[in-house]
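Start from chain A and add chain B according to the hints.
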Amino acid sequence: MRILVIEDDREMLAYIAKGLRESGHVVDEASDGKDGLFLVLEGKYDVVVVDRMLPGRDGVSIVQTMRSSDNRTPVLILSALGEVDDRVEGLRKGADDYLTKPFAFSELLARIEALARRSDAEAITTTLRVGDLEMNLLARTVVRAGQTIDVQPREFRLLEYLMRHSGQVVTRTMLLEKVWDYHFDPQTNVIDVHISRLRRKIDRDFPEPLLQTVRGMGYVMRPPDKEGS
Amino acid sequence: MHAAQLLRSSAFRVALVYAVLFGASVLLLFGFIYWSTAGFMRQQSDATIEAEIAGLAERYRSDGLNGLTALIEQRLSRAPEGPSIYLFAGPDRRPIVGNLDRWPAAEPDAEGWIDFRLGESTRPQGESVRMARAKVFRLAGGFNLLVGRDMQELEAIEARIVRTLIWGVGMTALLALAGGVAVSYGVGRRLGSINVAIDEIMKGRLSRRLPTRDSGDELDLLVGNVNRMLTNIEAAMDDVRRVSDNIAHDLRTPLTRLRNRLELVRGATAPDNEEAVADAIHEADRLLQTFNALLRIARVESRNRTDGFRDVEIASLLADVADLYGPVAEARGQRLEVSVQSAPVIVADADLLFQALANLLDNAVKYVPRGGRIKLSLATDAATATIVVEDDGPGIPEALRGKALRRFWRLDDSRSSPGSGLGLSLVAAVARLHDAELLLEDAAPGLRVLLRLPAGA
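Here the protein sequences come in this chain order: A and B.
Residue numbering for the first sequence follows our numbering, starting at 7 and increasing by one per position.
Residue numbering for the second sequence follows our numbering, starting at 15 and increasing by one per position.
Next up, chain B with everything else stripped away, as it sits in the complex:
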C-alpha cells in the first residue's frame, strides 16, 4: 500500500484519530502524575525547612546566641557540600554565621518564604544559576535566621520526571501510530482483495465471490452476507435469462413451422398474394433472427471457455471481416479503413470473434452518415491484442454507454431502425468468453469500441 493510499484509507484515519485522542489522555494523565510527585517533593522540602527552623529557634531560646551559632557551624561542617543553606544574621542583616555570604535581596512573602538566586560568590563560578528556597525567621533581639535548601537536586529530579513524561507521551503517540498503520494495513489489504473481487464481478463474472478469512469478525460477517446476496442475485439473473431463453426457444419452433408453411403456400397462391406471403416470410425471418441472437448469446454465456478455441490469426480475420463489410460501407458512401501493423496469433473462437466484429461493423455501417469513416485496426503489446472499431458517426452519449451492452437496448428508443438491439450484447458475451475487455469510448466525434484480448487467450 502506498503512502497516499494509506492516508486515504478510512481505517488509517480512524487509527490516527484514536492515536491523537489516546495521546491527549496520556498527556493529561502524565500532567497529573507530575503535579502530584513534584508538588509532594516541594511540600516535603518545605516541611523539613520548617522543622529545622523550629529546632534552631528552640536552641536559640535555650542556649542563646552562642548555642545557635555552634549548632549551625556543627551542621555546616557535617555536610559542607549538602543542599542545606543556613544564615544567621544580625539585626542589620549582616551575616554572623552560615554558608550564604550575604542576606538575599528578595523580600519574603507573608509566611516568610523566600525564593532567590544562589549567590555567585557562595558557589563556584561558572555553574548555572541555581535557585534556592528558604524561610526567614526573626529571633528575639532583632536577629535574623534563614534556613533554606538548594533546589538544584529537586529541580533536576523534576526535570527528569518531565523528560521521562515527554518521552512517554512521544513513545505512546508513536506506538499508537504504528499500531494504527499496522491495523489499517491489514484491514486495507482485506478491503483491497474484496475490491478486486467486486471489480471482477462487475466485469460480468457473477459466479465470483468475495474472499473470507473464516475469522468470524464483522468484516467476515459482512462479506458472508454480500456473498449470499450475490448468490441470490445470480440465481435471479439466471432465472430471468432462462425465462427469456425458454421463450425464445419455445417460440422459435412454431415460428419456423409458420414460416415453412408460408413458404409452401407461396408457390400455390395467386400472384396478387405472393407479395404479401413473401413479406410475411421476411417478417418471420426477422423474428427468427432475434430469437436466434438471444439463444446464441445464452449459449455463448453458458459455454465453457476454450471449448472450440484454436489458434486464430487476428490479422487475417480482420482482413476477412473487412472484405465482407468494405463493399457494404462503400454502398452507403462510407469509407472502411483497415490498419493492421502486427500479426499476432491468439487462441480464440474464430467464428465468434468474426461474429462480434461483424456486429460492430453492422452497427457502424448503420449509424455512420454518408461520407463518414469507419476504421478497423489492431494494436498489440506483450500482453494484449486490441481490436479497435472506430467511426466518426454520432457515437453514444457517455451516460448511455453503460446501457449499450444490455439486451434489447437501442440508441433510439423508438425502435424504428432495423436490428434487434442484441448486437452489442452478443459482442459483450463473446468478449467475456475470451476474457477480453470491451470498452466503449468517445472517438470525438463518433464511437470507438476496443476489444482487448489477452495475448495468451
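Next up, chain A with everything else stripped away, as it sits in the complex:
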C-alpha cells in the first residue's frame, strides 16, 4: 500500500514511517502542509495520514481542498488535542477517521488498513463471505455451512464490520466507534463479551474458528484455510 504521512513532528514522522515500512507499506513523508498538499494532489496514494496542526496549512483544510478537487483518497487525521469537537469537525470536513495522540502503533496500522479496504469495498455488495460464513446484507441473514445463524441486530452490525475487514486486525476501539457510533472509552473490555457471544454463534459448532483474537491488538476474521495465518 502507498501511504503519505504529513506530520511536522520529526520524531513522530520517523516513528510512523518506520512502523509502516516494517509492515510492508511504501511511505512518503511530508513535514509541512504545503508540501503535503502538493503530494496529495498527485493522487497516487491509497491512504493519507495527516496531523491536525501543521505549519503552513492545517490538516482539516488539506482534507477540504482534497474533497473539493474530487480527490477521494481516504484520510486519517492525527490530533494531539483529542477534543470531541475536533473529531466531529474533522470528520464533517471529509476526513475518514480520526486518531488522538498518543496512540498505539497497532491502532494506527489497523485503522489505515481498514481505510484502504473501505475504499475498494465501497462497491455495492449484497453478500459478504468469509470461508463458509455468508452474510446477506439485504435479507439480513447469516448462514454458515448451510446452517442459518440467528443474530441480534447489533451482533449483525458487529459481524458485518468484521467480515468487511476480514484478514485485517480490528481493534476494540474501532469496533466500539464503528458498531456503537459512540466515541468513548470503556473501562473494561466490554467488547470482548460481545465477541465471545458472537463466537458462540458462528464458531462454536464448527470445526474451524473464523474469529481470532490478536493479543494486545484486537480481533481478526479470516478463513481458516488461508495460508500464512
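All clues stand as given, with none of them false.
What follows is a set of in silico ranges between Cβ atoms, one per label pair, in the way DEER data are often shown:
hint	chain 1	residue 1	chain 2	residue 2	range
1	B	R324	A	P159	21 to 31 Å
2	A	T131	B	E248	55 to 65 Å
3	A	R206	B	P408	24 to 34 Å
4	A	D191	B	V359	22 to 32 Å
5	A	A86	B	R22	54 to 64 Å
SDA-like, lysine to any residue: derived pairs with alpha carbons at most 25 Å apart:
hint	chain 1	residue 1	chain 2	residue 2
6	A	K99	A	Y188
7	B	K380	A	R205
8	B	K380	B	G435
9	A	K184	B	D376
10	B	K389	A	P159
11	A	K24	B	A282
12	A	K184	A	R98
13	A	K99	A	L45
14	A	K107	B	A294
15	B	K389	B	D334
16	A	K107	B	V279
17	B	K417	B	P459
18	B	K217	B	R466
19	A	K99	A	S67
20	B	K217	B	I247
21	A	K184	B	P341
22	B	K380	A	G224
23	A	K184	B	D334
Computed, partial: chain B to chain A, Cβ under 7 Å:
hint	residue
24	R266
25	N274
26	A292
27	D337
28	V342
29	D365
Just so you know, the hints here were simulated from the structure itself, not pulled from any lab data.
Note that the structure is a prediction, hence the values are computed from the model and not measured.
A virtual CB, placed ideally from N, CA and C, is assigned to each residue, including glycine.
Okay, now just chain B, sitting in the frame of chain A:
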C-alpha cells in the same frame, strides 16, 4: 420569608430580645414618670387643703363661729359643684355647715388625714364610687373642721396618664418588633442570597462568588473576605489539577513510546518471552487508560458548556448503552433491566453521556454479585429528565458516598479490584458540564445513581 423561617432567623431573635429589653426599659422609665407626676399632683392637692384649713382656722380665731360658717358658705356658693369639700361640725360631729351630709366614719391618721368614700347622699345617685381626701382639724371649743377634695378629677388624670403610658409601652413594643422584623427580613434576604451562592459553589461551580452590596458594612466585609478566600481555594485547586494533568500528560507520551517499542519487539522475541511482552503491553495499556481518564476529566471540566452539544434522544441512548452492557451483565450472571416510558430529546453531548452511563454500568457490573439485578431507567417531568442506574449490590455506605466522586477514590482501599477510581469522577464532571444533578442514594439494598438533566439542557 415564611413565618417559621423568620422565627428561626438569628437576626430576628436578636431583634426580639432587643425589643423585650427596650420595652422593659421603657416600662421602667414610664413608671418613674407616673410616680413623679401623679405624686406631685397629690402633694399639690394636700398643700392646698392644708393652706385652706390654716385660713379657716385663722378666721375662726378672729371672727368666731359665725365668721367661719359665713366663710364656708361663701366658698361653697362660689363653686357649688367644685371639687372642694367642707364640713364644720359640732363637738358631737353633727354637721353645722358644709357640703358633706355627715362626718365620715373613717378614722384620721396621726396627722389628721382621712381617705373616705364620698357619701351616697351628697352626690347624685348612680355615680360610681368616688374617693375623697380630707384633713381634719379640731378647733377650740371642741368644734371639728374638715377640709377635703373630691379626688375624682385627680384620679381621672392619673388614669389618663396610666392609659397613655400603657399605650406608649404597647406602641414601643410594636414598633420595636416591626423594626426587628424589617431588619431581620433584610438581613435574612441577604443571607438567603449568600446561601444560594454557597449552595452553587458546593455543587462544583467554584468560580461563583457570594453577592455583595458594596455598602461597606460588616456583612459586606465578611462576604468580601470569603470571596477572596474562594479565589485562593480555586487557584489552589487549579494548581493541583494542573499538576496532576501535567503529570498525566507528560507521562502519557513516553508511556506510549514504551508500549509501541514493546509492540515492535513482540514479533521478534522468542516465543518464551512473548507472553511476558504481551503482559507488559497490557500493563502499559492500563496505565495509559488511567492517564487518559484523568485527562478526559480535565478536558470535560475545562470545556465550555454547549460546545459540541446537540439534540440527543435519551431513550435511544439508553437502549444503546443497554445493548452494550446487557451481554456483559448476562455473562456475569446478572440481569440488566431497562425501563423507559418517555422519549425526551435534550441538548447534550451524546458521547459524554454515553461515557457517563458506561462508567456507571461498568461499576454496577463490577460490584453486583452473581444473580443480582441492575436497572436502567428514565423518568421525566416538565423540567427534568432523570436517568437512574440502580442495582441491588453492596452499595456505598452513606458516610462514604460524598467521597465516591473524588478522583482515585475506591470502595475497597486495597485497590485490588480493577479500575482506576476515576469512573465516578468523570460521571460527576459530565454531570456538571450538563448542569445536571448527580445523586447517590441507598437503594436498600444497593446503590441508586440519579443523573437529573435539565430538560432544556
